[in-house]
Amino acid sequence: MDKTQFYKILKEKIVILDGATGTELQNKGMPKGACPEQWILENPNAIIDIQKSYVEAGSMIVYAPTFGANRWKLKSFGLEEKVREINIELVKLSKKAVGDKALVAGNLSPTGEFIKPFGEKSFEEAVEVYKEQVNALLEGGVDLFIIETMIDIQEARAALLAVKESTNLPVMVSMTFQEEEKTLTGTDPITAVITLESLGADAIGCNCSTGPKDMIPIAEKMKKVSSVPIFVKPNAGLPIVKDGKLFYDLGAKEFSEYLDKFARIGVNLIGGCCGTNSEYIKLLSEKAKKYTPKIWKEKRESAVSSVRKTVFIGEKTPLQIVGERINPTGKKKLQQELLEGKLSEVRRFAIEQQKKGASMLDVNVGMHGINEKEIMIKVIENLSTFSELPLCIDSSNPEVIEEALRIYPGRALINSISGEEKKLKKLLPIAAKYGAMFIALPLDDKEVPSTAKGRIAIIDKILKEAKKVGCNKEDMVVDGLVMTVSSDNKAPIETLKVIEYASKKLKVSTIIGLSNISFGLPERKWLNSGFLMMAMAKGLNMAIANPSSENLMELKMAGDVLIGRDENCKNYISYFGNVKNENIYSKEKEENTRDKIYNSVLKGEKEEIIEFIKDALDEGIQPFDIVDEILIPAINKVGDLYDKKEYFLPQLILSAEAMKKGFDYLEPLLLKKDNNKTKEKVVIATVKGDIHDIGKNIVGLMLKNYGFEVIDLGKDVPTDDIINKAKESNAPIIGLSALMTTTMVEMKNVIEKAKKENLTVKFMIGGAVITKEYAKEIGADGYASDAIEAVRLAQEFVGNNK
Amino acid sequence: MDKNIKYFENIWIDPPIDRILYRLGYKKNKTRLDENQMANIEEIIWEGVSFCHPRGAFLILPITKKTKNSVTIGKHLIESKSLAELLKDSKEVVLAASTIGMEIIDKIQDEIKKENSIKAVIFDSTASQVADKTVAWIMDFVNKSLEKEAKKITSFRYSPGYGDLGLEYQKIFFEELQLEKIGMKLTKTYMMVPEKSVTAICGIEDVRKDE
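Residue numbers (the working numbering), protein chains in the order written: chain A, 1 to 802; chain B, 803 to 1013.
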């Protein structure tokens, strides 16, 4: 059967699929834990009976019982070398059962392994595992393919590609959604449709996990965006265990009553999953006869997707900003990290741009000295789980683009395909194969046209060639080609003409690389945002830009409202509506220099505190008075606020840092007057056997902020080293840290040793498992649950706790 | 579900901002924080998140023997009354582990060296919460996978070092889950490296008819 025949049937009637296989096999005696495929081959009549009953009940398509007949799944039963024969035999049984009364679909299901980027198995390995099964199913003579019960969109893509690269037979793909309408790996129904239909699924649906009721909203969402038929296969309600056996709580009659709803939504194929049987299918089949099927949309959406999100592009959607920052050009730190294979800077840019309002992320890793393909794959694998934003694959190397599209677990945007012959020939078929959207760049082998006329000719040519390989204009985004205004003052007008032509005449989406416009000129943000407004008025849909530019984003929000792309001004209000300039410190007076210093500590503002202190000194206030009458009362007030929970740790730290900055400035002046005044010392260490020192290090920092001299011995420190250092430095305090029950006992050894050696020192201890009681038990002088308590203890120990 | 180890190479964890702030002492309706301060803190949290690489693994194992004070999981005898109580209705257990990698740990230490306490404490809190949420995500993933078998995981999970479940049982997790594969190590004193790693065990129970 070819796709035309498949669609022809679906246009005539709602097609009835089969019901459950697994639960029916169990009813026929298949023991728990058995390999279903092997059990079926040993008990062929069981599947023949089940499938015959489905056909008699009205099933027009029956799934071959090859659900787990892939190499990885069969491996758990030691049958991985029998993939071919098992699949061929199972298809034969199905064909024998249904005769010429129904079609047999080769069934591909999860391999039981997790695929990259989510899991550890490579995407190509997964494709190969499925291809092996697909070829065996083809040999067995299946009429079409069904990929079902998929929880991971990437694994569904691997199976779909395996089918597409092996045959032209129709292929249906079905995902399993949980109650919150997401797959276990976070894909929603709309995103599943956008990704799978672009990769060539001929019908898309959902099965298992929920009963019919919970599948209604999923089917509705799918139908709304899908340009292929939709199908559902719900469970017979929810599973329950009764007397050690598994049951489902929805009877055949109640189950079939949902058909009306599904038919009205426009579901084109329907069957049953776990817990259903031929009775369910019979009732569905009878009811379905009343309905004329709803036909699916003709054109697919202009949309891109990631694993967890879809972004629509069009005249009704807001201007979409493609974040431009993930590009090593001119970014030394990013360059260095990419050379070292590190990705934290990439992730930082991803987060920053997402938070600032980007809809997509442009990814360009082209630079001298790296393997672009390798790094691009690494970045995509990382970003496609790390960020929910769809990616724009930006490379001048077609091979890099192809490899990236193959492993990207969504529908990407290619940046870009120009009118150059080689690029057209190579990239358009790739875009078509992977269903990617692409940016059409109006330049060719001869020139970069300076006029709109020249660019329009190239755009028309690209579209014509694209259509030849199966792409549509909904898949294309025209680049207006922004040139620098400082070198050609007519350039912006030409770009605007291209945008107008593409959006108004050609009715395709448009994009610009915005910042080029202002290159070489001062105060670039005005030119950038000014041009953006003009382009939006001409119909611009997307801009590659830096979303961190507030000016740009604010104007974009306004522009969306003014050209009717922000319904009820919703986005505008949510962007600006919450801006409050509440000042929680507004009650604090700020009349004179003393107040200014006091408030700097209170607010944790260290930037100006030195200036304020200089002013105070000029006014004749003595250094000692600044400390005693301003800084210390201020930090004490902060301490009070912290105790009342009106301040929390970060605020306390900021204040302590401001205080330290002021104190450090005053210290030499204080020393002049009081030669005896030195900082108190504290020796701190994580005890022997324990390697955790983050908490201890934070305590060290806070002690420093509060004017102590900290001697940090690090982690895993032997008892003798701690004792010796305390003796040598004459420190009055030792702070010990341990995180684990197994290492906290070392604290006792240190304290005992100190006593034995008659060391007059106060011990304070802390760490995740330490308690006040434990401190008492081992003879420590105090316990601190956090850094600020440690500071207070230390102050108490040295009698400086006013 | 297969009885073999499953590894998650990349897990997306939305930073639990409320819990990160709570860990830093933030009390809703009490702590006074203006929007700018909150925005700055959130920015540091997200920066911290960019240094986290949440990964994990899980494995389902049968309980081979149970007494009031101990359970035997596969070949491992675990003496713990509280774990035995937790697993009283279970025939199987889920062993899970998560880590967020070394990069964030190095960053925290960097910030400490630079005496940038704010970043150090916020990164630290972020890292702890992300690691914890990662193991919770894995347990939730297993729980959802079990739904169709009318099974669920126990409401609580235990980790070595908590209550009477000795830290030495950490080695069972490392042996069974082969955690070196996701960059985790166990020291002689049963400490996990990277520091922000979590192991957890919970039971699998049948969903009763009234649930």
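Possibly wrong hints are sitting among the right ones.
[Unchecked claim] Cross-link-like lysine-lysine pairs, in silico, DSS-like; alpha carbons within 27 Å at most: (1) B:Lys954 <-> A:Lys182; (2) A:Lys748 <-> A:Lys725; (3) B:Lys954 <-> A:Lys645; (4) B:Lys916 <-> A:Lys688; (5) A:Lys688 <-> B:Lys954; (6) A:Lys242 <-> B:Lys893; (7) B:Lys915 <-> A:Lys681; (8) B:Lys893 <-> A:Lys644; (9) A:Lys331 <-> B:Lys921; (10) A:Lys342 <-> A:Lys355; (11) B:Lys921 <-> A:Lys355.
For the record, the hints were derived by calculation from the structure and aren't laboratory data.
Status of the hints after comparison with the structure:
1. B:Lys954 <-> A:Lys182: 19 Å, holds
2. A:Lys748 <-> A:Lys725: Status holds; Cα separation ~18 Å.
3. B:Lys954 <-> A:Lys645: 39 Å, violated
4. B:Lys916 <-> A:Lys688: OK: Lys916 of chain B and Lys688 of chain A at ~25 Å, within 27 Å.
5. A:Lys688 <-> B:Lys954: The hint is violated at about 42 Å.
6. A:Lys242 <-> B:Lys893: Holds. Lys242 of chain A to Lys893 of chain B sits at ~16 Å (cutoff 27 Å).
7. B:Lys915 <-> A:Lys681: The given pair, whose Cα atoms are some 19 Å apart, holds under the 27 Å limit.
8. B:Lys893 <-> A:Lys644: 48 Å, violated
9. A:Lys331 <-> B:Lys921: 23 Å, holds
10. A:Lys342 <-> A:Lys355: 22 Å, holds
11. B:Lys921 <-> A:Lys355: Given pair Lys921 of chain B, Lys355 of chain A holds - Cα atoms ~19 Å apart, limit 27 Å.
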